[in-house]
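Enquirer: Top to bottom, those sequences are chains F and A. First residue of the first sequence? That's 665 in the numbering used here, and the numbers climb one at a time after it. First residue of the second sequence? That's 665 in the numbering used here, and the numbers climb one at a time after it.
Treat the hints with caution; some may be incorrect.
Stated by the list, open to error - Now the stretches of chain A that chain F is said to cover, found in silico as 3 or more residues with beta-carbon under 8 Å:
no., region
1, 731-737
2, 768-779
3, 802-815
4, 872-881
5, 884-897
6, 933-939
What the hints assert, rightly or not - Pairwise CB distance ranges, derived in the manner of DEER restraints:
no., chain 1, residue 1, chain 2, residue 2, range
7, F, Ala-869, A, Gly-713, 34 to 44 Å
8, F, Gly-940, A, Asp-942, 38 to 48 Å
9, A, Gly-831, F, Leu-958, 29 to 39 Å
10, F, Glu-870, A, Gly-811, 41 to 51 Å
11, A, Lys-840, F, Arg-883, 40 to 50 Å
12, F, Asp-942, A, Gly-707, 48 to 58 Å
13, F, Arg-1001, A, Gly-707, 22 to 32 Å
14, F, Pro-743, A, Gly-707, 22 to 32 Å
15, F, Arg-883, A, Gly-725, 36 to 46 Å
Please keep in mind that the hints were generated in silico from the structure rather than gathered at the bench. C-beta: ideal position from N, C-alpha, C; glycine also.
2 protein chains.
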Amino acid sequence: MIDPLTATCPVPGVETERVLLGHGSGGQLSAGLIAGVIGPALGAASPGGPLQDAAVLDIGGLSLVMTTDSFVVTPRFFPGGDIGMLAVHGTINDVAMMGAWPAALSLAYVIEEGFPLDELRRITESVGRAALAAGVPVVTGDTKVVGRGAADGVFVNTTGIGMRLPGVSPDACGAKPGDAVLLSGPIGLHGVTILSVREGLGFEAEIASDTQPLHRLVRRLLEVAPAGVHVLRDPTRGGLASSLNELAVTSGIGVEIDEPALPVPETVASACEMLGLDPLHVANEGCLVAFVALEAVDSVLAAMHEFPEGEHAVRIGEAVEAHPGQVLMRTLMGSHRVVDMLIGEQLPRIC
Amino acid sequence: MIDPLTATCPVPGVETERVLLGHGSGGQLSAGLIAGVIGPALGAASPGGPLQDAAVLDIGGLSLVMTTDSFVVTPRFFPGGDIGMLAVHGTINDVAMMGAWPAALSLAYVIEEGFPLDELRRITESVGRAALAAGVPVVTGDTKVVGRGAADGVFVNTTGIGMRLPGVSPDACGAKPGDAVLLSGPIGLHGVTILSVREGLGFEAEIASDTQPLHRLVRRLLEVAPAGVHVLRDPTRGGLASSLNELAVTSGIGVEIDEPALPVPETVASACEMLGLDPLHVANEGCLVAFVALEAVDSVLAAMHEFPEGEHAVRIGEAVEAHPGQVLMRTLMGSHRVVDMLIGEQLPRIC
């Protein structure tokens, strides 16, 4: 197996000196680009090592979290959301996964000349509604315009800062053998929705993106079990499989999940079967996976169930000492299969 | 004159329901887009009113500054710099202009499929060198890839956070009648360099972008005269004319500058004359304009001269009570002319 944290880029077996769509997938190629090109090029300017989705900063005695995301999703409007809402939720969730409460967002557009002002207005209104509903203000912005054909419509960057919640340990990102793996809601909805709209598959009437902010849910979990919640992660690009593999590598543990326990909506299962996709690799935008100490599992699950965004939360497996860095799934048939990280690109421009 | 802070978009006289290149110019159309479309669409989600280049935030009792910028400059490499260095300097300078010391940067790429990995490496190395030289770490990042033709190479977003320098008043953005207007260095170098390379004008051997970080200079100025420095601004897109006009409107003062005092390098003057450009509208990336109380002028100018980035600092004019919102220039001929904000687009993709 390729260790995404040490792999050089191009990843062995992929002969390229050019950026591939897969480098943006959130899977192994993405990890290789960050670890093999971007990290070494930044060198000492990035003292925390290869860039992560979010960073913890000590500024003036405060423990702050900073995260940045660009959004290039196509189509820009889809059942359940749009690029503006997605940008707000995605950045809020990256702050929340670090155990922090989001305090402010920035908003930067790169716009193609000729883009309809009305669509820009609708996207911005959606940013505004999502930010207001989440209670996180948009405080600063930037607008660049490039000529026709130099960008595809509009790209949105949101950067967020937040403050660590009290009592949360800054190294709360270490899963331990014996931890239960909890999932806050069904998987695959966002990716299948985007794909269905884009390809006109006809599922779009029955399905919608799960995009939603998770910071209130996270705050509650950390109130209930500040020391028992060891890891929080939102399985976006690359899906649940990529998140679990990353966590298995960074925490040096094995992960075992139960296929029968996985909440895969029927429409997601049908769409994935038809298209030959693995729901474990499909992007989510409104659920989180938590590694939780056994003694805290009941209280954390109960707390999740208090929230609409966690009402379908379930336990899907556990962290083990065996096979560190590897994720195994006990299948419906009773056998085990290795769950790999997404390698190339399954669904470009999913977020 | 159109008030950029209240103008609706489309600006009167410009009939369009589409985004124009000029909406990214940093001039009147940009101001109209922000005040007329983006601000109203964000509504209550942006409690500080129309988005500014940078915001002051009170988080956990600290006075922080946040700013975001996307960079789309073409060509990506030019005499004196490249898109990566420009991104670091531009964001550091926006933090510094708020009287803050930059603490951390985020880095987000939108990359076109097929982009050479080697060029991505060179750009990222430049980001790393610039960040290291400035003493500001890059702490988090994001990478998205879009298909061929969906972006022009690579777009870079940098977002910065910083902490207000001690003793600096949060409302230090009010120029007062009687203030002297100081400029830290020559104008027009960045814009003319980009244009010269892009159009093959032949000036590029004699000229280079002025891109440089100004946070150390700003720190010194605010040490020397914490209460005497009323406004700091880096005249980037839209040039010195646009910055002065914006400040005249927001502070409700008139501005008068002296043409003979303006530091316009000979190459900039020749290039602008040849191309019919006004050097006052050309973008800068390494100088600042300061409105300074009369009694602090000598000490602030002397402090500027201590730094390479301020060694050519000069006094170019003053703030007056007359003609609020308007900028006048006393010309070489002894007459007065109105200095307008840039209206449309002079040089697209300048930063």
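Enquirer: Go check the region 731-737 of chain A versus chain F for me, would you? Three or more residues, Cβ under 8 Å, otherwise it fails.
Expert: With 6 residues in contact (Cβ-Cβ under 8 Å with chain F), the coverage given for the region 731-737 of chain A holds.
Enquirer: Count the residues of the region 768-779 of chain A whose Cβ falls closer than 8 Å to any Cβ of chain F, and tell me whether that reaches three.
Expert: Holds: 11 residues of the region 768-779 of chain A have a Cβ under 8 Å from chain F.
Enquirer: With respect to the beta-carbon atoms only, verify the hint that F/Arg-1001 and A/Gly-707 lie 22 to 32 Å apart.
Expert: violated (50 Å)
Enquirer: Taking a Cβ-Cβ distance under 8 Å as contact, does the region 933-939 of chain A have three or more residues in contact with chain F?
Expert: Coverage by chain F is violated for the region 933-939 of chain A (0 residues, Cβ < 8 Å).
Enquirer: Given the range 48 to 58 Å, decide if the beta-carbon distance of F/Asp-942 to A/Gly-707 lies inside it.
Expert: violated (41 Å)
Enquirer: Okay, F/Ala-869 versus A/Gly-713 on CB: inside 34 to 44 Å?
Expert: Given a distance of about 41 Å, which is inside 34 to 44 Å, the answer is holds.
Enquirer: Do three or more residues from the region 872-881 of chain A put their C-beta atoms closer than 8 Å to C-beta atoms of chain F?
Expert: violated (count 0)
Enquirer: If you check the beta carbons of F/Pro-743 and A/Gly-707, does the distance land in 22 to 32 Å?
Expert: Holds - the Cβ-Cβ distance for F/Pro-743 and A/Gly-707, about 24 Å, lies within 22 to 32 Å.
Enquirer: That 41 to 51 Å hint for F/Glu-870 and A/Gly-811 (C-beta), does it hold up?
Expert: At 28 Å between Cβs, range violated.
Enquirer: Is it true that the C-beta distance of F/Arg-883 to A/Gly-725 lies inside 36 to 46 Å, as the hint says?
Expert: With Cβ atoms ~20 Å apart, the hint is violated.
Enquirer: Quick one: are A/Gly-831 and F/Leu-958 within 29 to 39 Å, going by C-beta?
Expert: Violated: the Cβ-Cβ distance is about 52 Å, outside 29 to 39 Å.
Enquirer: In terms of beta carbon proximity below 8 Å, does the region 884-897 of chain A have 3 or more residues touching chain F?
Expert: Per the Cβ count (0), the hint is violated.
Checked against the numbered hints given earlier, this structure breaks hints 4, 5, 6, 8, 9, 10, 12, 13 and 15; the rest are met.
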